[in-house]
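Asker: Starting from the given sequences, assemble the full structure and let the hints guide the process.
As given, the protein sequences belong to chains G and D, one line each in that order.
Every letter in the first sequence is one number past the one before it in the numbering used here, and letter 52, counting from 1, is 63.
Every letter in the second sequence is one number past the one before it in the numbering used here, and letter 34, counting from 1, is 62.
Keep in mind that the hints were calculated from the coordinates and are not lab data.
Worth double-checking, as some hints may not be accurate.
Chain G stretches covered by chain D per the calculated footprint, using a threshold of three residues with CB under 8 Å from any CB of chain D [said to hold, decoys possible]: (1) 14 to 26; (2) 108 to 116.
Taking lysine-lysine pairs in the DSS-like style, the calculated list, with each CA pair at most 30 Å apart, reads [said to hold, decoys possible]: (3) Lys122/G with Lys39/D; (4) Lys119/G with Lys85/D; (5) Lys119/G with Lys39/D; (6) Lys14/G with Lys119/G; (7) Lys39/D with Lys49/G; (8) Lys85/D with Lys14/G; (9) Lys122/G with Lys81/G; (10) Lys27/G with Lys119/G; (11) Lys39/D with Lys85/D.
Even glycine gets a Cβ: it sits at the ideal position worked out from N, Cα and C.
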Amino acid sequence: AQKVTQAQTEISVVEKEDVTLDCVYETRDTTYYLFWYKQPPSGELVFLIRRNSFDEQNEISGRYSWNFQKSTSSFNFTITASQVVDSAVYFCALSEARSGSEKLVFGKGTKLTVNP
Amino acid sequence: GAGVSQSPSNKVTEKGKDVELRCDPISGHTALYWYRQSLGQGLEFLIYFQGNSAPDKSGLPSDRFSAERTGGSVSTLTIQRTQQEDSAVYLCASSHPGLAGQETQYFGPGTRLLVL
Chain G
12 AQKVTQAQTE ISVVEKEDVT LDCVYETRDT TYYLFWYKQP PSGELVFLIR
62 RNSFDEQNEI SGRYSWNFQK STSSFNFTIT ASQVVDSAVY FCALSEARSG
112 SEKLVFGKGT KLTVNP
Chain D
29 GAGVSQSPSN KVTEKGKDVE LRCDPISGHT ALYWYRQSLG QGLEFLIYFQ
79 GNSAPDKSGL PSDRFSAERT GGSVSTLTIQ RTQQEDSAVY LCASSHPGLA
129 GQETQYFGPG TRLLVL
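Answerer: Written out as structure tokens, the structure is:
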């Protein structure tokens, strides 16, 4: 069965600190997809990144970077020089190719608070 | 272009009443998903549509829940005889099928349902 674990329930940092959000996943499928979404206080889920299981290249987008490691089944997300606007709940999600529906299984989320 | 829209944004109902929640996906997106977000259960998949068909209804929690999609576009999620445990935010997402496998799901703002 597929499962996503985000062990950090809440993280609080001061502006300009770097912060890493952890995500560990479980799947028996060899083809799968990993996602990160951001949910600001307004409530709408905002897509951040998609990664497929065949692509272990790390990715950087501005202050955001992602570290995908199949060996440890992890897909961690780092925000460099955090800003108050980064305050949100961040969700990691997994989708298995064999599910047919490509439904997302989400972790419980990590609430990030960036204080000025 | 326009994103996924949902209506109503908020719904308060009395226990035992029926409610209908509407989702308007991004134009051209043939895949449509319903999810539920509650404090206790996190983000859970409910149902998946491809066109007007629903090949995966595995997440519907009971037979009080049903959904339909018409014209390959708008979808309606109906909850009959609402119970207090149905109180949650109901999120709709859509995606466009691609050749690269799993495509990104884009979410609407959600309908916040409160059953009194």
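Asker: If a hint holds in the structure, say so; if it does not, say that too.
Answerer: Hint-by-hint comparison with the structure:
1. 14 to 26: Coverage by chain D is violated here, the residue count being 0 at a Cβ distance below 8 Å.
2. 108 to 116: The restraint on the region 108 to 116 of chain G holds, since 8 of its residues have a Cβ under 8 Å from chain D and three suffice.
3. Lys122/G with Lys39/D: holds (26 Å)
4. Lys119/G with Lys85/D: holds (22 Å)
5. Lys119/G with Lys39/D: holds (25 Å)
6. Lys14/G with Lys119/G: holds (10 Å)
7. Lys39/D with Lys49/G: This hinted pair holds, its Cα atoms lying about 24 Å apart.
8. Lys85/D with Lys14/G: Within the cut-off at roughly 19 Å; holds.
9. Lys122/G with Lys81/G: Holds, because 25 Å separates the two Cα atoms, which is no more than 30 Å.
10. Lys27/G with Lys119/G: holds (26 Å)
11. Lys39/D with Lys85/D: holds (24 Å)
Consistency note: the structure conflicts with earlier hint 1 alone.
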